[in-house]
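Visitor: Could you put the whole structure together from the sequences, leaning on the hints where they help?
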Amino acid sequence: MSAGTHQTGGTGSGLVKWIDSRLPVFSYMQKEYAEFEAPKNFNWFWNFGAILTFMLVLMIMTGVFLAMQYTPHTSLAFDSVERIMRDVNFGWLLRYLHANGATFFFIAIYIHMFRGMYYGSYKGPRELLWMLGVVIFLLMMATAFMGYVLPWGQMSFWGATVITNLFSAIPLVGDSIVTLLWGGFSVDNPTLNRFFALHYLFPFLIFGVVILHVIALHVTGSNNPLGVDPKGPQDTVPFHPYYTMKDSVGLAVFVTIMAAFVFFAPNFFGEPENYLEAAPLVTPAHIVPEWYFLPFFAILRSVDFNIWFIDAKLGGVLAMFGSIGVLFILPWLDKSPVRSANFRPIYKWFFWILLLDCIVLGYVGGKPTGDPVVAGVEWFKVIHLGYITTFWYFFHFLILLPLLGIFERPKPLPKSISEAVLGGRTPGATANAKQMEKA
Amino acid sequence: MGIVCNLRRAAAATGLIASVVLVSSSAIAAGGAKHAVAQDWHFEGVFGTVDRASAQRGLQVYLEVCSGCHALKQVAYRNLAALGFTETEIKAIAANYEVTDGPNDEGEMFQRPAVVSDSFVSPFPNAEAAKASNNGALPPDLSLQVKAHAGGADYIRGLLTGYEDAPSGTDVPDGLNYNPFFPGSFIAMPAPLAEDGVEYTDGTKASVDQMAWDVVNFMQWAAEPEMEQRKKTGFKVVLFLIILSAVLYAAKRKMWSNLDH
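If you read the sequences in order, they're chains A and B.
The opening position of the first sequence corresponds to residue 1 in my numbering, with each subsequent residue numbered one higher.
The opening position of the second sequence corresponds to residue 1001 in my numbering, with each subsequent residue numbered one higher.
Some clues are possibly wrong.
[Stated by the list, open to error] Okay, the calculated bits of chain A under chain B, using three or more residues with CB under 8 Å as the criterion:
id, segment
1, 79-87
2, 246-258
3, 261-273
Simulated from the structure, these hints should not be mistaken for laboratory data.
Just so you know, even glycine gets a beta-carbon here, dropped at the ideal spot from N, CA and C.
Guide: Here's what the structure looks like:
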């Protein structure tokens, strides 16, 4: 199918026409992925939607083949994973792709989310698009958590114990929820069985929400680095071949980096202790979740004090879920009418501070709370850094963003994408135009 | 060579990115234990391979010293072919061990010599028996120990060669031994290696350092038997992906050059 050469509905060979007039899959693809008009000034950060789609498919495919060899039983799970690593043809590749795939899936979604925050992609009319994205993120976290339990190593078992226990903090029904999650009175075989079943189910839920996410995107159209709506055809290009081409470049580079880890440092992001089989009577010295949960783990642990009638445990759980909750209502917290941080001189700074704050939260989540941050400075412990960074996280979303919308004076916006991109040059006379990324 | 350098540089760059992303990986290292000195292992790096001569000697150390207490249940005798042992040699090694098989036609379990398709025979029938023979401590299975500790091979080599007299004033609890490389410094395993503890078939002098070196090479292979295939495949895959990225980038530039942007 070449772009732009044929009309919707009456395209292609006789067979294609016959099918399309009964089930319009071809004209749908043509309309939504080929002719779909996208702003022509995307930078490389707009690659990550395509990268995430690829990662979801990769995870489902490697996962299905792993499931054919895996045994969800406490006495066999660990050995069945080792059998995959040793005796299944290219089983090591499947498993390392799946394990590192989870890491790179999260790297991609974090870049995708921070890109959305920098360029104000969550603002009207894209509120639901953003909220569906947060739903996908939540489902991904649940899926990753349950998947990590399946190899039944020490961190699988103890991570599952710690995280499922969090639900017991919920008043009245907490203990019943935990029993339901466990399928008994401790993390044991029923837990492993139901986690396996749900770990297989959730990716398809994610797939469903991704479809909604894309439908919403195709109604509102994409945001762009200027945050100014396209004013006409001079501001856009057909998605295919221009962005399919550009997405291919970004995807190839991303997969190259992932492959370097899969083949040469496959356990870099993993916890060594998970290569010890789960032992319910041997508690590891430090129980830490996978790296992509560390900022949330830090927020959970940083509320170690009672607030009025809320005890520390419930407070921590509320803070942790609240940290994702604020993302849900982000479109209404940020009152500024300007989308792109490039035209918001103050927000721009606070964006980078928030990013730094999240990275420091990740550091805090991976360290024992009682350790000094700097060796030798005994009075400043990791927990103190946790208080500061947790406070700042909520301060940013709940206080700063609403205030900035009122007090910040944004820079003047360009009239259109073309005007900003061409910088006054005459359209049509610039075959050797400068790279768009500088726009 | 240029490609090799680029690949190394790329690997270094990705490592750098990753270490920024994951500031906390070293935070999990065992608190307080002495850090083992990093060694120059044959299996390290993009082109690292198994030092077969050393790993073969390591097998001898495992069989004659470690296997008295430690199992190696993820490895099968047939896997030893990858270390350069012949079928006859592997059959002879396996035949030294007895496994319980059955039930036979009369419904009885019976003992038979191990065959090449059997996993390495464990020294104890179960964890309880292992603990009962070892002062209540469970000798860990050695199949994955190199991957199961921060520091990997260096840590295990450090541990095996790191036994020393406890500093004065330190009370070593009964049944434990002093080893500063072990988290907490008190380890149930007594110093396992002694000078000339084995007599190497290839004539190598069996110093404690040499035996530790060899058995760690063996354990590294046991933990990652796929390593050589993984790295060889990886070199081709990453090279292909770098070229693909470059070609796609050139095509993208060409395509976009017709646009006003």
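Visitor: Taking the hints in turn, state whether each one holds.
Guide: These are the hints, each one checked on the structure:
{"no.": "1", "hint": "79-87", "result": "holds (count 4)"}
{"no.": "2", "hint": "246-258", "result": "holds (count 8)"}
{"no.": "3", "hint": "261-273", "result": "holds (count 12)"}
Of the hints listed earlier, there is not a single one the structure fails to meet.
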